[in-house]
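As given, the protein sequences belong to chains U and B, one line each in that order.
Count along the first sequence from 1, add 20, and you get the number used in our numbering.
Count along the second sequence from 1, add 54, and you get the number used in our numbering.
Because the hints were derived from the structure by calculation, they are not lab data.
Don't be surprised by glycine CBs; every beta carbon is placed ideally from N, CA and C.
Possibly wrong hints are sitting among the right ones.
What the hints assert, rightly or not - With a straight-line Cα cutoff of 27 Å, these simulated DSS-like cross-link-like pairs (lysine-lysine) come out:
id, chain 1, residue 1, chain 2, residue 2
1, U, K141, B, K135
2, U, K66, B, K190
3, U, K25, U, K137
4, B, K76, U, K181
5, B, K64, U, K194
6, U, K178, B, K64
7, B, K166, B, K114
8, U, K194, B, K135
9, B, K75, B, K190
10, B, K123, B, K135
Said to hold, decoys possible - Derived coverage of chain U by chain B (criterion: at least 3 residues anywhere in the stretch with Cβ under 8 Å from a Cβ of chain B; other residues may be distant):
id, region
11, 69-81
12, 159-172
What the hints assert, rightly or not - Residues from chain B that face chain U, not an exhaustive set, calculated with beta carbons under 7 Å:
id, residue
13, A73
14, F145
15, I147
16, G183
17, K190
18, V191
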Amino acid sequence: MKQIKCIIFGSISKVKGYERAIEIIEKNPNIFLTIVGPLWGGNLEKSTLDYLKEKEKTLKNLKVEIRMLEEEEFEKYAKANDIILLPYWREVPASGIFPRLLRYLVPMVAWDNSDFKDYEKNFNACITAGSVEELEKKIFLVYNSLEIRNKMREGAKKLLKKRSWDNIAKEHWKLYESLF
Amino acid sequence: MYNIDKGGLKTYSNYLVSAMKKKGKDIISSDKLDYKNYDLVHIQFDYSLFHPFGLRIIPKLVLLKLHRKKVVLTFGVVPPKKEMYARNKLFTILKKIILPISTKTISLFCDKLIVMLDDLEKILIKDYGISKNKIKVIAHGMY
Numbered sequence: 021m022k023q024i025k026c027i028i029f030g031s032i033s034k035v036k037g038y039e040r041a042i043e044i045i046e047k048n049p050n051i052f053l054t055i056v057g058p059l060w061g062g063n064l065e066k067s068t069l070d071y072l073k074e075k076e077k078t079l080k081n082l083k084v085e086i087r088m089l090e091e092e093e094f095e096k097y098a099k100a101n102d103i104i105l106l107p108y109w110r111e112v113p114a115s116g117i118f119p120r121l122l123r124y125l126v127p128m129v130a131w132d133n134s135d136f137k138d139y140e141k142n143f144n145a146c147i148t149a150g151s152v153e154e155l156e157k158k159i160f161l162v163y164n165s166l167e168i169r170n171k172m173r174e175g176a177k178k179l180l181k182k183r184s185w186d187n188i189a190k191e192h193w194k195l196y197e198s199l200f
Numbered sequence: 055m056y057n058i059d060k061g062g063l064k065t066y067s068n069y070l071v072s073a074m075k076k077k078g079k080d081i082i083s084s085d086k087l088d089y090k091n092y093d094l095v096h097i098q099f100d101y102s103l104f105h106p107f108g109l110r111i112i113p114k115l116v117l118l119k120l121h122r123k124k125v126v127l128t129f130g131v132v133p134p135k136k137e138m139y140a141r142n143k144l145f146t147i148l149k150k151i152i153l154p155i156s157t158k159t160i161s162l163f164c165d166k167l168i169v170m171l172d173d174l175e176k177i178l179i180k181d182y183g184i185s186k187n188k189i190k191v192i193a194h195g196m197y
């Protein structure tokens with residue numbers, strides 16, 4: 021069976037929902053998960069780090085890299101994987117990782133939090149799931165369907181155009197001007 | 055634009071400021087509260103950056119208002135009351151009590167609050183008692 025390479029980016033935090041992805045890779049040894057990101061927040065995230073390190077010791081299909089990626093490394097890491105996972109807790113309704121990685125057009129499978137639902141519903145730029153079982157199914161669905169991956173790629177391009185920094189900057193400036 | 059984050063918010067500020075500069079706007083991004091030469095200060099805010107519970111931003115907001123600056127503040131994340139967590143139960147309870155107070159106080163010193171999602175606007179109104187007129191939703195830019 022072919023290996024499906026998945027990755028979770030971003031600062032190490034409990035709310036990233038690692039346990040959901042790890043539950044899936046424990047059942048599916050053909051899914052390889054990389055977790056990469058810096059550790060901030062001191063003691064608050066120590067238990068999360070301990071959990072990840074413990075899991076890394078026992079799972080051959082898990083790699084944990086605790087470090088801040090350089091800007092140019094994001095592309096390399098994203099493109100080296102089949103799917104970017106964002107199984108975040110609902111406490112994280114918005115993600116900075118998604119907009120940052122969208123331009124690499126690597127399929128993203130996310131939890132059904134507010135912004136991911138928006139990107140899915142209005143642009144088809146990602147696929148969301150609301151349970152671990154569904155997340156697992158969607159990983160395989162995206163990996164096995166070229167049609168779905170192409171649709172997501174087109175959706176991502178549409179989203180990139182509509183929410184370009186030029187457009188977002190214009191909205192901000194308009195707001196600033198309205199205050200004077 | 056004032057930002058002290060080293061991660062996502064820093065990247066966000068850099069891209070936003072650079073897009074504005076391209077249009078010839080007079081704006082800088084800084085991790086120092088450099089307000090003297092500017093009429094408006096836009097703060098990239100996260101509760102954890104101004105720990106405890108975001109309270110550490112309040113003296114800075116007071117200072118800006120004393121100097122009659124317009125203040126815009128962007129919330130990276132606004133946790134809904136029912137899904138808050140902290141290092142233990144006691145801190146979670148404290149967070150649930152203090153966060154709405156600190157958020158309400160922050161809003162008093164800001165001319166406008168920006169959130170990136172409609173849902174965050176709803177949370178600010180419902181869980182934190184912020185007036186809808188004070189909030190503007192501007193989506194996250196795509197890199």
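Now the hints, each set against the structure:
1. Only pairs whose Cα atoms come within 27 Å are accepted, and U:K141 paired with B:K135 is accepted, the gap being roughly 26 Å.
2. Proximity of U:K66 to B:K190 is assessed by CA-CA distance (about 35 Å); at most 27 Å being required, the pair is judged violated.
3. For a cut-off of 27 Å, the pair hint linking U:K25 to U:K137 stands: about 23 Å separates their Cα positions.
4. The suggested pairing of B:K76 with U:K181 holds, with an alpha-carbon distance near 17 Å, which does not exceed 27 Å.
5. At roughly 22 Å between alpha-carbon atoms, B:K64 and U:K194 fall within 27 Å of each other, so this suggested pair holds.
6. Of the supplied pair hints, the one linking U:K178 and B:K64 holds, its CA atoms being roughly 25 Å apart against a limit of 27 Å.
7. Between B:K166 and B:K114 the alpha-carbon distance is near 16 Å, which keeps this suggested pair within the 27 Å criterion.
8. This hinted pair does not check out: U:K194 and B:K135 have alpha carbons roughly 31 Å apart, beyond 27 Å.
9. Between B:K75 and B:K190, the direct Cα distance comes to roughly 22 Å. Compliance with the 27 Å bound is thereby established for this hinted pair.
10. About 31 Å separates the Cα atoms of B:K123 and B:K135, which puts this hinted pair outside 27 Å; it is violated.
11. For the region 69-81 of chain U, the assignment as covered by chain B is violated, since 0 residues bring a beta-carbon within under 8 Å of that chain's beta-carbons and 3 are needed.
12. Under the rule that three or more residues need a Cβ within less than 8 Å of chain B, the assignment of the region 159-172 of chain U is violated, with 0 such residues.
13. The beta carbon of B:A73 is positioned within 7 Å of a beta carbon in chain U (closest approach about 4 Å), and the interface hint is therefore held.
14. At its closest, the beta carbon of B:F145 sits 9 Å from a beta carbon of chain U; the interface hint therefore is violated under the 7 Å criterion.
15. The interface hint given for B:I147 is violated, since its Cβ lies 16 Å from the closest Cβ of chain U, which is over the 7 Å cut-off.
16. The restraint placing B:G183 at the interface with chain U is violated, with a minimum CB-CB distance near 19 Å, outside the 7 Å limit.
17. Residue-level restraint check for B:K190 holds (minimum Cβ-Cβ distance to chain U is 6 Å; threshold 7 Å).
18. The restraint placing B:V191 at the interface with chain U is violated, with a minimum CB-CB distance near 10 Å, outside the 7 Å limit.
Hint violations for this structure: numbers 2, 8, 10, 11, 12, 14, 15, 16 and 18, all remaining hints satisfied.
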